[in-house]
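**Student:** Once you have looked at the hints, place chain B on chain A.
Protein chains: 2
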Amino acid sequence: MILTVTLNTALDLTYGVPELVPHASHRVGDMAERPGGKGLNVARVLSALGQATVVTGFAGGSTGAVLRELLAQLAPQDMTGTGTRAAAAVAAVTPATTTPLSTPAPAPITDALVTVAGNTRRTIAVVDRATGDTTQLNEPGPLVTADEWAALLDRYEELLTGADAVALCGSLPPGIHVGAYAELIRPARAAGIPVLLDTSGEPLRRGIAARPDLIKPNAEELAQLTGSREPLRATHDARRRGAHGVIASLGPDGMLAVTPDGVWRASPPARVLGNPTGAGDSAVAGLLSGLVEGLSWPDRLRRAVALSTATVLSPTAGDFDRAAYEELLPGVDVEEHTAAA
Amino acid sequence: MILTVTLNTALDLTYGVPELVPHASHRVGDMAERPGGKGLNVARVLSALGQATVVTGFAGGSTGAVLRELLAQLAPQDMTGTGTRAAAAVAAVTPATTTPLSTPAPAPITDALVTVAGNTRRTIAVVDRATGDTTQLNEPGPLVTADEWAALLDRYEELLTGADAVALCGSLPPGIHVGAYAELIRPARAAGIPVLLDTSGEPLRRGIAARPDLIKPNAEELAQLTGSREPLRATHDARRRGAHGVIASLGPDGMLAVTPDGVWRASPPARVLGNPTGAGDSAVAGLLSGLVEGLSWPDRLRRAVALSTATVLSPTAGDFDRAAYEELLPGVDVEEHTAAA
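Chains as they are written, first to last, in our numbering: chain A, 1 to 341; chain B, 1 to 341.
So here's chain A without its partners, still in its complex pose:
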């Protein structure tokens, strides 16, 4: 199974309004509610790809309870329990390889979140139905105590024993020290489990020093980290800072992968218009599922680019359009670079 860690989970609300007018009153026309935070989004895509996933991180209060209820409805749950043994049992019945173009049955998402006393945050995306533009309101996360962090570390080390790969995703809630991701990367590396870090700012800078297998920054995060806006230079710089492999997502231009095995550039067959929310999370799911299935780098990148493009195209923010994904997949162009920076 693949383990995803979301320290700052969220209940994501989407409100459709005809037009957002500051200082006016709005009736919300349509609304949706779903479990969020990057690692939960990654898990949803992994499940759709047929990859059994265990999610951990923090959830608490009444909003945390709603999040867990919705999470339980997302994918067929494993009924024998939660935690390592259940997750390992789930992983054991997942086929070792899947054909990229088949439509697998959704795989289970196992809830191994650690309960905290604070209330999980809500995020509200107010979508202007006339233009599709989104205004985002993000509540602060709950204050996590030292005891709750210790409980997460225990749960995480337990779950690692059944994991084929780990994704560490998103921002840190209040109370969690900025070097937290380094603490999570070390035991995974020690156990030989591939670990992908997808965060930004200081948590990314500090996490990289613990030498994760992969990071997946976008152009903005990469520039913040390295000071360079030239993708190839910045990507090589990020590797020198400690990341074994760097997959830079270049938005509509696809991805640039600088890895110990080579350098590739992967581009979608065409530029598409749509909502980029969640495209990065779909890319993480594509990279990790490809890794676990033993695909080559070019095939992993093809999957990641096709998934993130199909997410931009989906009418529901953060979901991917499966038909578009299957159509896009063979058309993704992957080119190997021979020059080193």
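If you are wondering where the hints come from, they were derived from the structure by calculation, not from laboratory data.
Since we're looking at a predicted model, the values are computed, not measured.
From the three backbone atoms N, C-alpha and C, an ideal C-beta is built for every residue, glycine too.
A portion of the hints provided could be inaccurate.
[As the list claims (entries may be wrong)] Partial list, derived from the structure: chain A residues whose beta carbon lies under 10 Å from chain B:
id : residue
1  : Ser25
2  : His26
3  : Val28
4  : Ala65
5  : Val66
6  : Asn119
7  : Asp128
8  : Thr135
9  : Glu139
[What the hints assert, rightly or not] Beyond 12 Å from chain B on every Cβ pair, some chain A residues (computed):
id : residue
10 : Leu250
11 : Leu291
12 : Gly331
[Claimed, not checked] Computed Cβ-Cβ distance ranges for the label pairs, DEER-style:
id : chain 1 : residue 1 : chain 2 : residue 2 : range
13 : B       : Ala24     : A       : Arg211    : 31 to 37 Å
14 : A       : Glu230    : B       : Ala24     : 24 to 30 Å
15 : A       : Thr115    : B       : Asp30     : 21 to 27 Å
16 : A       : Arg240    : B       : Ala24     : 33 to 39 Å
17 : A       : Leu250    : B       : Gln73     : 49 to 55 Å
18 : B       : Pro174    : A       : Asp154    : 45 to 51 Å
19 : A       : Arg240    : B       : Pro174    : 56 to 62 Å
**Tutor:** Okay, now just chain B, sitting in the frame of chain A:
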């Protein structure tokens, strides 16, 4: 006790942001969460005035559960049970008269809400901390079924037997027919219990026909109902449509009361600046507590105007500033009109 009915309860969230910029992402700086819907706001003010209150209406789903938890924390609860007998017991120990200027202990608010299958709505007030301007987002209410409405009618008739006055407050959720308030006014009138209707649009128009004792429209609601923006003319017109007494709230100009006992205009000692959210609900609490305590019309109006002005002055939207209330009360000017329209 005073019974307040809120068919479309809400969990009211307030988000403070430095500035609301459409299509940008915002971190919410400060947030507050409280039980809302007009009748719950009225109950909160009544409790602060020392008046035992029972609240009914609908609540459901996870948001309804949070609302009821917060409601339970608002005021000392009656521990012997809920419903009519408990409420009557509470009412029995409330002093029959209180001196307007004394600070009474908060009286209990008894939760007699009817549980529905749908999820109670949230409302979000995004407050621009630079200017104090508010952008409002209101979720749609839950769809209420015919069986749930029948259960509310049963609960309401039970509660009426212990009530000294009734307030019917706010909008109607989906599924509730537009003549619903008329159905609630008739049994109260038949039992000789004074009933105040505070709503707008078609529910107000249809409710008035059932001859409530009081309505409390603002200038906008009155103009919508009667087609006239001239307060005295519109208020007399509203009486002819069926309301026994009409208390028109004229914002910073105070109130105009046209009743079977006379016509009065009540004005605050000075115009104040602040947030008018909840000022109307405070006025309803002032009118009803004064009625139950047997105050004269001028004293009821004095209390209603002082409370609503003290609500505008409060730093927290919808609460009233008690010190301001006690200072304003003796300064409210009440003038009797002798001319009829």
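**Student:** With reference to the structure, classify each hint as holding or not holding.
**Tutor:** Outcome of the hint check:
1. Interface restraint check for Ser25 (chain A): the shortest CB-CB distance to chain B comes to about 4 Å, inside 10 Å, so the restraint holds.
2. Residue-level restraint check for His26 (chain A) holds (minimum Cβ-Cβ distance to chain B is 5 Å; threshold 10 Å).
3. Of the supplied interface hints, the one on Val28 (chain A) holds, with its beta-carbon coming within about 5 Å of a beta-carbon of chain B, less than 10 Å.
4. With 10 Å as the threshold, the beta carbon of Ala65 (chain A) comes within range of chain B, its nearest partner Cβ sitting at about 7 Å, so the hint holds.
5. The restraint placing Val66 (chain A) at the interface with chain B holds, with a minimum CB-CB distance near 5 Å, inside the 10 Å limit.
6. For the restraint placing Asn119 (chain A) at the interface with chain B, the shortest Cβ-Cβ distance is roughly 9 Å, inside the 10 Å limit, so the hint holds.
7. The interface hint given for Asp128 (chain A) is met, as the beta carbon of that residue sits about 7 Å from the closest beta carbon of chain B, less than 10 Å.
8. Among the interface hints, the one on Thr135 (chain A) holds; its C-beta lies about 5 Å from the nearest C-beta in chain B, closer than the 10 Å criterion.
9. Annotation: Glu139 (chain A) was flagged as interfacial toward chain B, and the flag holds, the nearest CB pair being 5 Å apart, inside 10 Å.
10. Distance to chain B confirms Leu250 (chain A) as a non-interface residue, since its nearest Cβ pair spans about 21 Å, more than 12 Å.
11. Every C-beta of chain B lies more than 12 Å from that of Leu291 (chain A), the closest at about 31 Å, which supports listing it as non-interface.
12. The claim that Gly331 (chain A) lies off the interface holds: its Cβ sits roughly 32 Å from the closest Cβ of chain B, which is beyond the 12 Å cut-off.
13. In this structure, Ala24 (chain B) and Arg211 (chain A) meet the distance hint of 31 to 37 Å, their C-beta atoms being roughly 35 Å apart.
14. Under the hint 24 to 30 Å, the C-beta atoms of Glu230 (chain A) and Ala24 (chain B), about 27 Å apart, fit the expected range.
15. Here the CB-CB span from Thr115 (chain A) to Asp30 (chain B) is close to 25 Å, well matched to the stated 21 to 27 Å.
16. At roughly 34 Å, the beta-carbon separation of Arg240 (chain A) and Ala24 (chain B) lies within the given 33 to 39 Å, and the hint holds.
17. Look at Leu250 (chain A) against Gln73 (chain B): about 51 Å separates their beta carbons, and that is inside 49 to 55 Å.
18. Checking the proposed 45 to 51 Å range against Pro174 (chain B) and Asp154 (chain A) shows it holds: the Cβ atoms sit about 47 Å from each other.
19. Checked against the hint of 56 to 62 Å, the C-beta distance between Arg240 (chain A) and Pro174 (chain B) comes to roughly 59 Å, which is consistent with it.
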